[in-house]
Amino acid sequence: MEKPMIELAGIKKIYYVGGQEVAALAGIDLNIKQGEFAALMGPSGSGKSTLMNILGCLDRPTCGSYKLDGQEVANLTDDELAVVRNKRIGFVFQNFNLLSRISAADNVALPLIYAGVGKNERKERARKVLDAVGLGDRADHQPNELSGGQRQRVAIARALVNDPHIIMADEPTGNLDTKSTKEIMEIFEGLHREGRTIILVTHEPEIAACASRQLLVRDGLITQDAGKGVKMDVV
Amino acid sequence: MGMFMESVEIALHALFANKLRSILTMLGIIIGVGAVIAMIAVGMGVSQKVTSSIASLGSNMLIVRPGAATTGGVRGSAGSRKTLKYEDAQAIKKKIKDAQYVSPVVSSSFQIVNGNQNWNTQVQGVTPEYLQIRDLSVSNGSFITENDLATRNRVAVIGTTVSENLFGEENPVGHVIRVKNQPYRVIGVLESKGQSSTGQDQDDTVIVPLTTAMDRLLGITYVNMINVQVVSQEKMDEVQSNIETLLRQRHHLVGDKENDFQVQNLTSLMATLNETTTMLTLFLGSIAAISLIVGGIGIMNIMMVSVTERTREIGIRKALGATFKNIMTQFLIESVVIGVIGGLIGVAFGIGVALAISKFGGFQTVITIGPILMSFSFSVGIGLFFGIYPARKAALLDPIEALRYE
Ligand SMILES: Nc1ncnc2c1ncn2[C@@H]1O[C@H](COP(=O)(O)OP(=O)(O)OP(=O)(O)O)[C@@H](O)[C@H]1O
Ligand SMILES: [Mg+2]
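The listed protein sequences derive, respectively, from chains H and P.
At the far end of the first sequence sits residue 235, using full-length UniProt numbering, and the numbering has no gaps.
At the far end of the second sequence sits residue 406, using full-length UniProt numbering, and the numbering has no gaps.
It should be emphasised that the hints constitute simulated quantities derived from the structure, not laboratory data.
Worth double-checking, as some hints may not be accurate.
Said to hold, decoys possible - Once the Cα atoms are required to be at most 27 Å apart in a straight line, the calculated DSS-like pairs of lysine-lysine come out as:
id, chain 1, residue 1, chain 2, residue 2
1, P, K393, H, K123
2, P, K325, H, K119
3, H, K119, P, K19
4, H, K67, P, K325
5, P, K19, H, K87
Said to hold, decoys possible - Partial pick of chain H residues on the chain P-facing surface, computed with a CB cut under 8 Å:
id, residue
6, C63
7, F91
8, N97
9, P111
10, E186
Claimed, not checked - Derived list of chain H stretches under chain P, where covered just means 3 residues or more per stretch with a C-beta under 8 Å from a C-beta of chain P:
id, region
11, 191–202
12, 214–225
None of these values were measured; they are calculated from a predicted model.
Virtual Cβ for every residue (Gly too), placed ideally from N, Cα, C.
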């Protein structure tokens, strides 16, 4: 059988708040295969973002094992994790996280700087992905000259620019209206069809319904793991 | 290298985005570098002025002055300024074999008149050897002779400045000028020597025989000083002590009675003064260097603020793959760029101030490449040094915590 791209075993994340232990993740076991489209659902405070940050190599678990492409992430140094974030994972945030003082194209090209790509090639590739998300004509706009939906498309373009195998998105449509949400979801579905692995957090069942796999997180544990179209009891 | 230029570009962008703050931060460095350059230029100017004004008096010179050596700045009484006689000079010339030239001098300020023109200047009473000892020459006419001295002739040799002011284009030789209402025949004009290193017009002088000046002009029986040129550097100390012995004898100073004169060795005086002015230069320079360090602390302060303000930016960059080194370089370059730009402006500022002091302050400042290079590299170094801590702080930020920062 094919080896999973992502293997989590016993992942815990413990925070200490006012001398008290808070288990944001209470021991997650989860495998995600190459080419899957997984939607994480669950009530607020259940640990979805905490899990996404660990999956995205932005954060480290308190304990447990996380193997990415068979490699134990805990053994990687901070700089090696930076390379993983740069080359292998594209991360999309709920609040876009664009740099406000530079243009959309420069924002998209940012990961390429750290990948050591030359200036001209950066420009070209940034334009190409901006075109792909339908924002070719807004390349020179600053983020504050764009709508929320457009900003999120810039952020997606940025996540795609280094051509990563995995796209992770934490409530990418959380701040968007219905129309923008639909456009963004079409992009994700397109990426999934291209064969990329997608993991996405959402509160909306209609969005989760697009995914090939639905996961329910509750109190730091995965309590339900179902295929496409199954109705999840999120409350 | 490409990455490095990239970082410089990012740094310039960041500095440009906060123009006023960047300029204010640089101000500390600008003032520091400028002060170092200007202060050292002033110090070296003073040093050079002292050195060359002593050197212009001639080499291997001893100067005998009347009165006891001043201690603690207290001068001897007025009476003690009359102790040096023309005969002392003659005795030195006669009895001390390595005293090559001996030149006793009196001088005082007078109004010189030619017809309806008049001019105020210094009148010097000298002997013929004054010509050799001061390295003067007569361009037109002749100098004072032993005969003039013996007969106390009313003759004068004038400098070109005096000549121009009293006679214009006319040849003054043979004409009569009046000093203290006495007629003096002009017998010669000195070759022009221009300005001295101290900015004094060396051509603004009237020279008369020593005896004439003492008896007819001033009515005194003593001389103001005696210049002695020694044959060689090695003989200086020997001649100095011989003069002291001779004058003590002549002045009837026995036992431990204090000298009523002093012999100054210009060479050793110069060494002492050089030491003093070097100290002065170092002192001025280090005071200015302190302001450079204060400027550096200013850079650090602003960089700390900047790192805090840009925590989210750092978080985003790290989330997208920036390594410790990437962030460290970005912020270090930013503070080094402040040092470089501030240093360059400071160099221009310092040179400008030094030139302005030269032009309006009435004395020459000396700008050399050494202090410029030193203070510039110092300011770049300060940018680097004071940037390290904030840059490290930025580079060590945890991406998740930085992204969560409001
Ligand atoms: N830095 C932190 N320090 C302390 N506790 C934290 C920290 N981050 C998260 N938590 C806690 O961990 C738990 C899970 O938080 P998380 O952000 O993962 O929830 P979430 O499922 O993403 O919620 P939401 O749907 O509202 O985004 C919460 O109880 C939260 O209070
Ligand atoms: Mg969340």
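Do the hints match the structure? See the list:
1. P:K393 - H:K123: violated (31 Å)
2. P:K325 - H:K119: Given pair K325 (chain P), K119 (chain H) holds - Cα atoms ~20 Å apart, limit 27 Å.
3. H:K119 - P:K19: Satisfied, since the Cα-Cα distance of roughly 26 Å is no more than 27 Å.
4. H:K67 - P:K325: holds (26 Å)
5. P:K19 - H:K87: Answer violated: K19 (chain P) to K87 (chain H) is near 35 Å, above 27 Å.
6. C63: violated (17 Å)
7. F91: holds (6 Å)
8. N97: With a minimum Cβ separation of about 5 Å from chain P (threshold 8 Å), the hint on N97 (chain H) holds.
9. P111: holds (5 Å)
10. E186: This interface hint is violated because 24 Å lies over the 8 Å limit.
11. 191–202: violated (count 0)
12. 214–225: violated (count 0)
Checked against the numbered hints given earlier, this structure breaks hints 1, 5, 6, 10, 11, 12; the rest are met.
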